[in-house]
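Note that the protein sequences, when read in sequence, are chains A and B.
Each residue of the first sequence is one higher than the last, beginning at 1 in the UniProt record's numbering.
Each residue of the second sequence is one higher than the last, beginning at 1 in the UniProt record's numbering.
Do not rely on the hints blindly, as some may be mistaken.
Subject to a maximum C-alpha distance of 27 Å in a straight line, what follows is the list of computed DSSO-like cross-link-like pairs (lysine-lysine) [to be verified]: (1) K76/A - K204/A; (2) K47/B - K114/A; (3) K204/B - K25/A; (4) K156/A - K51/B; (5) K314/A - K280/A; (6) K204/B - K122/A; (7) K204/B - K18/A; (8) K76/A - K25/A; (9) K43/B - K148/A; (10) K82/A - K204/B; (11) K84/A - K204/B; (12) K114/A - K51/B; (13) K156/A - K204/B; (14) K156/A - K43/B; (15) K8/A - K25/A; (16) K222/A - K201/A; (17) K94/A - K204/B; (18) K317/A - K280/A; (19) K47/B - K64/A.
Far from chain A, by Cβ distances over 12 Å, these chain B residues were calculated [what the hints assert, rightly or not]: (20) Q74; (21) G85; (22) M151; (23) A274.
Hints were generated in silico from the structure; no laboratory data involved.
No experiment lies behind these values; they were computed from the predicted model shown.
Yeah, the Cβ is synthetic: ideal placement off N, Cα and C, and Gly gets one too.
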Amino acid sequence: MVAEVKEKQSIVEISGYKQYFNEGKRNEVRAVNDVSFNIYKGETFGLVGESGSGKSTTGRALIKLGDITGGQILYKGQDITKIKGRRNLLDFRKSMQMIFQDPYASLNPRITVKDIIGGALKVHGLYKNSSERNERVYELLEQVGLSKEFANRYPKEFSGGQCQRVGIARALAVEPDFIIADEAISALDVSIQAQVVNLLKELKKENNLTYLFIAHDLSMVKYISDRIGVMNSGRILEIAEADELYQAPLHPYTESLLSAIPTPDPESERNRIRTEYDPKYHQYEDLTKVGLHEIAPEHYIYCHQDEVEVYRKKREKLLREGQKYA
Amino acid sequence: MAQNVGRNSKSESLFHLADTAERANFPGSSAEQVVTNGDSYVKTIAKRFFKNKVAVVSLGIFITMILIAVFANQLAPHARDASVGRFQAAPYDNFFLGTDDIGRDTLTRLIHGTQVSMIVGICSVAIYVVIGTSLGLVSGYFGGFIDATIMRVTEAFMSFPFFLVILTLVSLLGSGIWVVTIVLGVLSWPPLCRLVRGQVLTLKEQDFVLAAEATGYSTFGIMFVHILPNVISPILVNATFGIATAILTEASLSFLGVGVQPPRPSWGNILSQAQSIRVLTSEPWRWVPAGILIFVAVLAINFIGEGLREAIEGENKG
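Can you make the complete structure from the sequences, with help from the hints?
Listed below in structure tokens is the structure:
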């Protein structure tokens, strides 16, 4: 998968991104603490972590739903906090879209599917007359695997999987380059998750898309992602290419997450031991030499400078031993 | 993993495949149950409303009253303000409800009074719905300083002694049907504003509003295309009750002599004839019909509002 991307050109560069809520007040929440990563054009970047780790917050900041507290987010080389004016904002929105977690809540219950998808077209002035609009809506529905009879229906008449397809059609309507899938499959049944993930992969190929795929289900993330970032309590702890991450998970938190993936083998399930992780592990007192350090090419760990060698040795040992996590 | 779930490029066949796969795998799962009737929101509510017999009869009465108001000139048997019959006469010949102290036909005046009540009721509600909804939307959506300001203004308006303000304004602006309508409209918006604001506060946190923002809708677009359709039903219920209240208030004002001024008749100023003991005790035809009309109109409108509320709440539950 990774080999497809020959010339690596960053479409998104996030550096030192911070997000504090109720800043300066007694109930201040530091949702994201210093997150840095980049996403290459044409890849799928998976962002995993437990609930409350700040992964959705990062996604929302990236698509400019709210102001960021600190750091810099570049999209196609442009600082997104400096996008001003309706025209520029519309250009940005046309280029980046989002698929939401809850398929029902993300569709307006009082509007037909035709108006939901057509609304995106209308906002960006992508049609001249209503017949052209309808054509385009039917085309989009077809692209996500829904028949055009669905156009005049309301979201409540659909199943979760179908709703999520409508959400995907809405995102695709403006022909974006970059799509954030914020837990787009978490609310769906497993078999439908597979369908939606396959659909996303298919659409990526057809439309030359780049994805930021936010999830907590590691098996699905591995299936769709080229590179994966692991987040915990507002920090990125490990970034690696998907295969590498599963063969040589270096950070104890990644190990813990991987150890929690269920396997379809009752024997191994019975004997499986879940590795516990204590978040104190990455709370360093002195932060001077702490940061994302490169252990191997494209493999970064959040650690102290002194720990780099330890991790390098651990990686070699794991690679020698062969695949541990399927 | 799930590579076996293929995606066919032919959409028709794909859809059926996907759909049957979803159902086949989860036959009993509630998440995958699909409501099969293709009715729109309005249609489902209308269906439920029309099952409520009291509400339907009330709606019939209300529509009849509106028609009477519209065609008052054609329906009235006599001239409105002219002295056409005997003085203070009980019903006789074609004066079905008798005459008042200067020989005007009571029925004619009641028919024209319906016009007054309907104009005041519907127009003042139209005015306050526009004000209340806009302010409520703005207040709830923007929050912060704007919200605080609008809410303080709302509280100030709500703490006015309503009747006193109307009495003052009417004495300043002169009385008349349009003054009463506008004053009622401009003073009655605060409860609706609060209602809309409350709804918007919960709606704006929902994903579809975020989705609309991410899609590229302007703030105005989000408020009117995405949030407003979701608050229409409570507004409608509130407006219905508002019509009843406005009719009652107009009648009270006219009864006190500060509303619609004679010779123009209104239910309220017809009723005010009952201020005289003689009329009250021995000439019931001059005031009982007006009282009954006010009672029936207010009751019917309240039943319509109740029916609407039940239809909408039932919809939200289901």
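Violations among the numbered hints: Violated hints (numbers, rising): 8, 12, 15, 19; every other hint is consistent with the structure.
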